[in-house]
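Asker: So you can see what is in the structure, the chains are spelled out below.
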Amino acid sequence: MAERLLEVKNLTTDFHTFRGRVRAVDGISFHLDKGEVLGIVGESGSGKSVANLSILRLIEQPGVVSSDGVLFKGRDLSGLDARSMLKIRGKEISMIFQDPMTSLNPLYTIGSQIEEMLLLHTDLDDKGRKARCAELLAMVGITNPEERLRSYPHQFSGGMRQRVVIAIALAADPCLIIADEPTTALDVTIQAQILRLMERLVSRAGASMILITHDLAVVSRMAHRIAVMYCGRIVETGPKRMVIKSPAHPYTRGLLGSIPRMSADQRRLDPITGMVPSLLDLPSGCAFSPRCPRSQPICERGVPPEIKLDGGRSVCCHFPQLENL
Amino acid sequence: MPSRAETRGPSNPSMLSRIAASEFTRDFLSNPSAVAGAIIIVFALLVVLIGPHVVPQNPYDLKEINLADAYKPPIGFAGSSLKFPLGTDNQGRDILSSLVYGCRISLFIGIVGVLISCVVGTTLGLVSGYYGGKLDSLIMRIADIELSFPSILIALFMMSVFGRGIDKLLIALTAVSWVVYARTVRGDTLGVKAKEYVEAARVIGLPDRIILVRHVLPNVTTSIIVLSTLNVGGFILAEATLSFLGVGVPVTRPSLGLLVKNGFDVLFSGYWWVAVFPGLFIMVLIFGINLLGDFLKDELNPRLK
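Chain order of the listed sequences is F and B.
Per this note's numbering, residue 1 is the first one in the first sequence, and the count goes up by one each step.
Per this note's numbering, residue 1001 is the first one in the second sequence, and the count goes up by one each step.
Source of the hints: derived by calculation from the structure; they are not laboratory data.
All of these numbers come straight from a predicted model, not from anything done at the bench.
Virtual Cβ for every residue (Gly too), placed ideally from N, Cα, C.
Some hints here could point you the wrong way.
Unchecked claim - Chain B regions said to be covered by chain F (calculated; three or more residues, Cβ under 8 Å):
hint : stretch
1    : 1077-1085
2    : 1199-1212
Stated by the list, open to error - For the chain B half of the interface with chain F, some residues (derived, Cβ under 10 Å), not all of them:
hint : residue
3    : Gly1132
4    : Gly1133
5    : Ala1194
6    : Lys1195
7    : Glu1196
For reference, chain F alone in the conformation it holds in the complex (with noise of 0.2 Å):
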């Protein structure tokens, strides 16, 4: 069995607002092996974003994170002290964010900050910085990387920007990679370019990754697990595969159906009905039930608990449904 990385229990993150407590995350745990790709879907506000800038302890007043432990590497990140938590950032863990537009900053060159990562986590000396920075353009495949190190990002497209971010995530080789919506910003073709460039860097470099996304098509095609978030909950993992072809939560169906398909000739897609309810009022019971095809009364009174299934998935619901799509 592959190594594990990071082991996730029982993560809350509330948000205390005048309206009441939000409770983005809520009791979420998973794991993720060396190697190892998983992606986190959901709608936006889901709690996807929040969950892993929670693992990374970035979040700020007057968001509260509480877990059972975030074991990374076998350190708990959750008690480290907030010395020790840059040491992490960056080194160990490194992000790649949504939109290029806005993760560069617009007043440095492209190689000072690929460049300032480089000066935080590394022993380099001026000149072996350097020669990484347009080694690590040259990897994310810019032509003409130490000419293009002295350009500034708006002299790059989307992207290449994207390109740049990726360089500067892999720069201090981490070992595990968030990508909150690498691609969401991007336009389809380029999308695929990137994506092809993060499977095959994280890859060679025998990192894990959380791929962060509400875009199934983006997921089936890197992850090896997918978690499924509904409300701050994990409602669904498993083997991609698994989860793709014979979905055992109602919500996780109801996505799916919501996707066109060329084999099938539907007039109409099956959008699921109704509304993401408010994260400040939330149905008790299943977040889901009020939108829930399957629902039955017992879903309004309890959470329902997770359930294993064969093979490594587990679904939290009631009524479970087991044949394939």
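Knowing the structure of chain F, use the given hints to seat chain B on it.
Answerer: This is chain B only, laid out in the frame that chain F set:
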């Protein structure tokens, strides 16, 4: 054929030619009022730097002053003397020389005062906006309280408690003007802080103070530049007001405002020139500073372009 990186890249030959070719320079040169403002400011700086070596008299040096020369009118009026082109005041001090020396003090207070209040206000604004929480509330509530009084009133109060003096004046003016910087910078900081490159800097493990200096501060400088330029004028004016009211600079070091006050006492006795020339000088100086400040405000605000 040169590659695109060579023709458009940032590896241009010299800094100077880059400045000369920049959009900023072009806009500046095609804006007559900005050029006029700059000329006035450069003129004032020249007056301050070389004026004292050119003017006929050192008005602080009692040996050079002759009471018999008191109230000489400017050239062109009966009884004038070529030695005193703009006339003299009640003690026989040359108005032109007093202007030059007074301008020195006024500009010193304007520029140094703005620098101090800029540093104080910007620091507080950055900290306030970046860290938020209780500290932010505290700083901003103090700012709110200050803003609920007319600033000249606070300065007047502080000066009457401290007494006259250039150092005390700087403290009083800083105490009333840091607020503007702090509030503006705080607002900008909140905006910059939400940008992903700041989050990215946090994610790569950069300590907060380095993020503040390297990533936040450079992105809020435009408003600081604009505010500072306009504030130099405001400071000179505030100093003039305080001096006019008799609580500003010491009488032995007359600034432009104090010169106006000295002249005002005898304005209706027919000695109009003692007050009018310093007054005009202040007006032109502030006008020039404001012209340049307005240009900078429009130029550095991308939404107005």
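Asker: Which of the numbered hints above does this structure break?
Answerer: Result: hint 1 breaks, nothing else.
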